[in-house]
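*Asks:* Here are the chains, one letter per residue:
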Amino acid sequence: MLRRALWLGWGRGLLGLGLGTRRGVSTLEWDGKVSEIKKKIQSVIPGGAWNPLYDTSHLPPEHSDVVIVGGGVLGLSVAYWLKRLEKQRGAIKVLVVERDHTYSQASTVLSVGGIRQQFSLPENIQLSLFSVEFLRNINEYLAVVDDPPLDLRFNPSGYLFLASEKGAATMENNVKVQRQEGAKVCLMSPEQLRNKFPWINTEGVALASYGLENEGWFDPWSLLQGLRRKVQSMGVLFCQGEVTRFVSSSDRTETPSGEEVILKKIHEVHVKVDHSQEYQPVECAIVVNTAGAWSGQIAELAGIGKGPPGTLQGTKLPVEPRKRYVYLWHCPQGPGLEAPLLADPSGAYFRRDGLGNNYLGGCSPTAEEEPDPRNLEVDHDFFQDKVWPLLAQRVPAFETLKVKSAWAGYYDYNTFDQNGVVGPHPLVVNMYFATGFSGHGLQQAPAVGRAVAEMVLEGRFQTIDLSPFLFSRFYLGEKAQEHCII
Amino acid sequence: MVAPRTSLRLVAPVWNRGAGSIRGLSRAVDPEGSQRKERTLFQFLADRFYDVAALREYMLQKQVLKVHQKNRSFTYIKERYGPYVAGAHFILKQGGAVKFQDKEWMRSSGRGLSSLEFWEFRAVPIEAVDASGCAINYQGLDHLLALKELQSLSLRCCPHVDDWCLSRLHPLADSLQELSLAGCPRISERGLACLHHLRNLRRLDISHLPAVSNPGLTQILVEEMLPNCEVLGAGWAQGLKLGLEEQSQDTASSPIPA
Numbered sequence: 001m002l003r004r005a006l007w008l009g010w011g012r013g014l015l016g017l018g019l020g021t022r023r024g025v026s027t028l029e030w031d032g033k034v035s036e037i038k039k040k041i042q043s044v045i046p047g048g049a050w051n052p053l054y055d056t057s058h059l060p061p062e063h064s065d066v067v068i069v070g071g072g073v074l075g076l077s078v079a080y081w082l083k084r085l086e087k088q089r090g091a092i093k094v095l096v097v098e099r100d101h102t103y104s105q106a107s108t109v110l111s112v113g114g115i116r117q118q119f120s121l122p123e124n125i126q127l128s129l130f131s132v133e134f135l136r137n138i139n140e141y142l143a144v145v146d147d148p149p150l151d152l153r154f155n156p157s158g159y160l161f162l163a164s165e166k167g168a169a170t171m172e173n174n175v176k177v178q179r180q181e182g183a184k185v186c187l188m189s190p191e192q193l194r195n196k197f198p199w200i201n202t203e204g205v206a207l208a209s210y211g212l213e214n215e216g217w218f219d220p221w222s223l224l225q226g227l228r229r230k231v232q233s234m235g236v237l238f239c240q241g242e243v244t245r246f247v248s249s250s251d252r253t254e255t256p257s258g259e260e261v262i263l264k265k266i267h268e269v270h271v272k273v274d275h276s277q278e279y280q281p282v283e284c285a286i287v288v289n290t291a292g293a294w295s296g297q298i299a300e301l302a303g304i305g306k307g308p309p310g311t312l313q314g315t316k317l318p319v320e321p322r323k324r325y326v327y328l329w330h331c332p333q334g335p336g337l338e339a340p341l342l343a344d345p346s347g348a349y350f351r352r353d354g355l356g357n358n359y360l361g362g363c364s365p366t367a368e369e370e371p372d373p374r375n376l377e378v379d380h381d382f383f384q385d386k387v388w389p390l391l392a393q394r395v396p397a398f399e400t401l402k403v404k405s406a407w408a409g410y411y412d413y414n415t416f417d418q419n420g421v422v423g424p425h426p427l428v429v430n431m432y433f434a435t436g437f438s439g440h441g442l443q444q445a446p447a448v449g450r451a452v453a454e455m456v457l458e459g460r461f462q463t464i465d466l467s468p469f470l471f472s473r474f475y476l477g478e479k480a481q482e483h484c485i486i
Numbered sequence: 001m002v003a004p005r006t007s008l009r010l011v012a013p014v015w016n017r018g019a020g021s022i023r024g025l026s027r028a029v030d031p032e033g034s035q036r037k038e039r040t041l042f043q044f045l046a047d048r049f050y051d052v053a054a055l056r057e058y059m060l061q062k063q064v065l066k067v068h069q070k071n072r073s074f075t076y077i078k079e080r081y082g083p084y085v086a087g088a089h090f091i092l093k094q095g096g097a098v099k100f101q102d103k104e105w106m107r108s109s110g111r112g113l114s115s116l117e118f119w120e121f122r123a124v125p126i127e128a129v130d131a132s133g134c135a136i137n138y139q140g141l142d143h144l145l146a147l148k149e150l151q152s153l154s155l156r157c158c159p160h161v162d163d164w165c166l167s168r169l170h171p172l173a174d175s176l177q178e179l180s181l182a183g184c185p186r187i188s189e190r191g192l193a194c195l196h197h198l199r200n201l202r203r204l205d206i207s208h209l210p211a212v213s214n215p216g217l218t219q220i221l222v223e224e225m226l227p228n229c230e231v232l233g234a235g236w237a238q239g240l241k242l243g244l245e246e247q248s249q250d251t252a253s254s255p256i257p258a
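Chains as they are written, first to last, in the UniProt record's numbering: chain D, 1 to 486; chain R, 1 to 258.
Isolated chain R (complex conformation) (with noise of 0.2 Å):
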C-alpha cells in the first residue's frame, strides 16, 4: 500500500542536534519495535561522540565489504578453464557442494577446486549445486546463471539471499528442475512471484521462510502459477482459525497436503 500507514508516527524534527534524536525516527520507521538491547558502552559512547559514532560505521562498512570480497568473480579463471569451473569453485570455497555430470558429490571446506581439478573438469557440465548456509549474494549469483545445464539447486538458509536474487534466476529457466528456498530469512512472497519463469520447475520447496506474510494462502498462489510443480511449503492449513475442539485434533494429525 501506498498511503501512508496510520500506525507510523511522523515525528516532525525541527532542527536535531547530535545522534540522539534519530531514536524517536527510528521508531517511526519500524513500528514493530526495535528491541532496546542492553546498550554497551560502546553504543554509549557512539551517541556522544562522533569519532566513536565513526569508527562504528567502519565497522559495519567492514562487514559489508567482508561479504562483498566472498562473491568477486573470478574472471580469470572463467577466461582459462570455463564457466563450470569457475561456478565449482566459487561454491566449493564458500562451503557448499558441487555435482558434476556423472560424477559424485563434492565439498572441500572452503578450499575450492585443486589445480588438477581445474584441468579436469574444464568441460564437464555442472548438474547440481548446494549452497545450503552460504554467504551468496547478488553479486555472487553470476558465477551460478553460466551454469546452463543445472538441474537443482539448493539456496537453503542462505542469509544474503533476497528477492532481488530470485528475479535473476530467469536464464536458468531451461534447465532447472529442482529449487529449495526453505530457511531464507530474507525471501518474501514478492521474490517467489518472479519464479514464473522457471516453467520446468518439478519441485520447490518454500517452507520456513520467516519474512512471507501468509505461508499458506502464498503457497496456494505459487502453487496456481506454477501448475506442473510439487509445491513444499507449510501446507494451506496453517494460518487457518480452527475452533478448540477441531485443533486439538489437528495437532495429532499431519495437515492434509495440498
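This is chain D alone, in the form it adopts within the complex (with noise of 0.2 Å):
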C-alpha cells in the first residue's frame, strides 16, 4: 500500500511534472483552441453569422432584398443610388455578388476611361450630361467622413471627331442635337483643324466636331475604388461568388387581349463560393443583372431566352462579349499637351497619356476581323497591320513610334442596336438590367445607376426617360440606333 501511495504521488508528480511540460511546449496549439473557442462564441452571440455548427462568416447573408450581379461600375452605381434614394435610411438590404475580387477581366477597369456628350440619340447626350456632372462633384456625391478626398485625374481635353464627306450631314445633325440638349460643341471646317491642331493630316475630312467642355478622360479604377467605398460605407454588403442558379416561381395570367402569358418571378439566388462546392441560396426580391460582358449567361440562368423564337419567351438577351485591344505606344514628335482624343472616320482612336509622349488608342475591328472573346490575349499584329496606318495617315508624327504595351479588354456588346439595356424584364418581373453599352458604359455609369434605381424604387423613370431602352424593344424590333460609336 505503501508502494501504491508512493507510486500514486509519484505518479501525480509524474502527471503535474508532464502537465507543466505540457504546458511548456504546447502554448501555440492552446493559443489555436482559444481563438477557435472565440470564433464559436462570436458565431453565437447576437450580432455574429448565427450558425452555431459551423463558421459561415465567408458566405453572403441568407436574405438580401436586392442581389446585384456584378460589382463593376455599373453595379456599385446602381447600389449607391438605391442607398441614396432610399426613403428611410436602412431601409432596403442590398448585397452585390462579385466573381473575381480582383477585377482582372472587368470591362471597367481595362477602359479608356474616355467620357463625351458627342452621341446621336438624345437620350444617350443627358446620361453622359449628368454623368459628368457627377463627376465633377464626386466629392460631395462619394463623400466619406475622414477618407481622403477622390481624384479622378480627369482631362477635359475634349473629344474630335473627324467625318469624311459621306458623314457630313450626319455630323451636322447629331451636333444640332447636342447643342439642343445643352452640350458645348464646336464644328471645325478642315481650314480652322489645320490651324488649331497642325499635327493633323486633313486630306479625306470634311468636318470635325470638337467637345469644348465636359468631354475628355479620366481614371475608372479611382471611380470604383470610390463607389465601393461609399457604397461600403452606407451598408451595402459584398460577396466574392459566382451566381449559379436562380429558382424561381411562374404564374399564369391573361393580357387585356385575353393572351395566356407566363410571369416568372425569382425567389432565391445560389451564390456558390470560389475554389469550393459551397453555395449559398440567397432568398431575394430584385435582382439587378449588371453582369457586363457575361449578362447573356446570366440572363440565361434566369431563362430568359427560353421558348420558340419570334415570342417574347424566346428572345434573348442579346449582350455578348467583344474583345478589344488598347496598345500604348511612345511618339517623341507627336501632338502636344492640346491633344484632344481624336476619333478618325475609320474608327481608329488615340490619346495622350501622361506627360511623356505616350499615346494609347486603337481601332473597332471589322465584323469578319472579330477577335475570339473566349481569353484577353492580345494581337500585335492587329496594331501593324490594321491601327497603324490609319494613325500614321492621320498624324504624320505617328510614322515614327514604338508601342510599349498592350491590353484587351471586353465590351458588353448589344449586337442588336449597341446601345445599352436598361429596365426590367417584360416576363421576368423582378429581373432588372443595366448592361449592354457596347463601350459607353462607364461614361454613363452614374446617370444609368439613377435610372435603375427611380426603376426600382417608384416604378418609372423620373429624371430621364430610358424607355427606349427597355428590353421590350428585341421582341418589337425598334432599333434605338446610336451612330457614334467608337
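None of these hints come from the bench; they were simulated from the model.
Hints are not guaranteed to be accurate.
What the hints assert, rightly or not - A partial selection of chain D residues facing chain R, derived with a Cβ cut-off under 7 Å:
no., residue
1, Arg136
2, Glu140
3, Val145
4, Pro156
5, Glu213
6, Leu355
Glycine is no exception: its CB is placed at the ideal position from the N, C-alpha and C atoms.
Combine the two chains into a complex, taking the hints into account.
*Replies:* Here is the structure:
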C-alpha cells in the first residue's frame, strides 16, 4: 500500500510534471484552441453570423432585398443610388455579388476611360451630361467622413470627331441635337482644324466636331474604388462568389387582349463560393443584372430566351462579350499637350497619356476581323496591319512610334443596336438590366445607376426617360441605333 | 494609366460590420498615406455610433453648402443692371478686387457694390479681376464668363479652382491677355492642357502648383502649347538631377530663364 501510495504520489508528481511540460511545449496549440473557441462564441452571440454548428462568415447572407450580379462600375452605381434614394435610412438590404475581386477581366478597369456628350440619341447625351456633373462633384456625392478626397485625374481635353464627305451631314445633325440638349460642341472646318491642331493631316476630312467642355478622360479605377468605399459605408454588403442558379416560380395570367402569358418571379439566387462546391441560397426580392460582358449567361440562367424564337419568351438578351485591344506607344514628336481624343472616320482613335509623349489608342475591328473573346490575349499584328497605317495617315508624326505595351478588354456588346439595356424584363418581373452599353458604359454609369434605382423604387423613370432602352425593344424590333460609336 | 496600379492593395471585404473596415479601403485608395492624426473623442465616437457618424456627415455637408451659397448666381442684379455689375458685385462680396475700364481698382472687404455704384457702373465693362484667395468655384465662374472684355484675371491661391474650372475659361479667349493661377492647390497639368483655347494670352503664371506632378516638364509643354505667351513657372531646371559640385553652384545663381 505504501508502494501504491508512493507510486500514486509519484504518478501525480509525474502528472504534474507532465502537465507542466505540456503547458510549456504546447502554448501554440493552446492559442489556436482559444481563437477557435472565440470564433465559435462570436458566431453564437447576437450580431454575428448565427450558425452554432459551423462558421459561415465567408458566405453571403441568407436574405437580401436586392441582389446585384456583377460588381463593376454599373453594379456599384446601382447600389449607390438605391441606398441614396431609399426613403428611410437602412430600409433596403443590398448585396453585390462579384466573381472576381481583383477585377482582372472587368471592362471597367480595362477601359480607356473617356467621357463625351457627342452622341446621336438625345437620351445618351442626357445620360452623359448627368454623369459628367456627377464626376465633377464626385467629392460631394461620394464623400466619406475621415477619408481622403477622390482624385479622378480628369483630363478636360475633349473629343475631336472627324467626318469624311459621306458623314458630314449626319455629323451636322448630331451636333444640332447635342447643342439642343446642352452639350458644348463646336463644328470646325478643315482650315480651322489645321490652324488649331497643325499635326493633323486633314486629307479626306470634310468636317470635325470638337467638344469644348465636359469631355475628356479619367481614371476608372479610382471611380470604382471611390464608389466601393462609399457604398460600403452606406451599408451595402459585398460577396465574392458566382451566381449559378436562380430559383423562381411561375404564374399564369391573361393580358387584356385575352392571351395567356407566364410571368416568372425569382425567389432565390444561388451564390457559389470560389474553389469550393459550397453555395448559399440567398432569398431576394429583386435581381439586378449588371454582369457586363457575361450578362447574356446570367439572363440564360434566369430562363430568358428559352422559348420558341419569335416570341417574347424566346427573345434572348443580345449582349455578348467582344474583345477590343488598346495599345500604348511612345512617339517623341507626337501631338502636344492640347491633343484631344481624336476619332478618325476609319474607326481608329487615340489620346495622350501623361506628360511623357505616350499615347494610347486602338481601332474597332470590322465584323470579319472580330477576335476570339474566350481570352484576353493581345494580337500585336492587329496594330501593325490595321491600326498603325490608319494612325500614321491621320497624324504623320505617328510614322515613327514604338509600342510599349498593350492590353485587351471586353465590350459588353449589344448585337441589336449597340445601346444599353435598362429596366425590367417583361416576363421575369423582378430582374432588372443595366448592361449592354457596348463601350460607353463607364461614362454613363452614374446616370444609368440612378435610372435603375428609380425604376426599382418608384416603378418608372423620373429624371431621364430611358424607355427607348427597355428590353421589350428586342421583341418589337424597334432599334435605338447609336451612330457615334467608337 | 488605366491598368490597375500595383501599389494598391486590394482589400477583399466580405462582410463589413460597422465603420471600422472602411479604414483598410481608405488606405488602399490613397497610397500616399492618410496621415493618422490624433484621434479625437469625436472621431472615436463616430466610429462606434451611427448617430455621431450621421452628425459628422451633416457637418461636412454644411461646409460644402457654405461654399455653394457663396457662389450662387445673382440673376436679379444681372437682369436689371447687366453682367458687369453682377460680376463686380460677386467678386467684391467674396473679398476680391475689380477694375472697371478707365477707373481705379476697387476693393470693398466683403460688402459688394453699393446701390449707387450699381447704377453708375451698369454699362462700364470690367477690364481686370483679382480673385486671389476667393472661394470661387465652378458655379461661380458663371459671373466671370459673362465679362466679355476681361483682359486680366488673377486666381491666385483659390482653394476651389480646379481642372474643371480651367476647362470653362474658353469663352474669354478673345480678350484675356493675362492669367495667374499661382498657388491653387487643386490645379494639375491636366487642367493646364485646356488653356490652349486662350490664343491671346500673353502672360501666364503657373508657379507653385502643388498638384502638378512635374513642374519643369509641364512648363516646357505649356510653352510649346502657347507660343506667344510668356509662361512664369517653376523654371525648367527644377527637377533636374545635378551633380554635387554643380548643385552647390546652382543654389547660389538663379535658374536660367526659359
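*Asks:* Take the shortest C-beta to C-beta distance between D/Val145 and chain R; is it under 7 Å?
*Replies:* holds, 5 Å
*Asks:* Could you check if D/Glu140 really has its C-beta closer than 7 Å to a C-beta on chain R?
*Replies:* Constraint on D/Glu140 satisfied, holds at 6 Å.
*Asks:* Return the status of the interface hint for D/Arg136: holds when the least beta-carbon distance to chain R is below 7 Å, violated otherwise.
*Replies:* Since the shortest Cβ distance to chain R is 5 Å, the answer is holds.
*Asks:* Quick check on the hint: D/Pro156 CB to chain R CB, less than 7 Å?
*Replies:* Holds, because the Cβ-Cβ distance from D/Pro156 to chain R comes to roughly 3 Å (cut-off 7 Å).
*Asks:* Identify whether the interface hint at D/Leu355 stands, where standing means a beta carbon of chain R within less than 7 Å of its own.
*Replies:* Interface hint status for D/Leu355: holds (5 Å vs cutoff 7 Å).
*Asks:* Have a go at the D/Glu213 hint: is there a Cβ in chain R nearer than 7 Å to its own Cβ?
*Replies:* holds, 5 Å
Every hint, counting from the list given before, is met by this structure.
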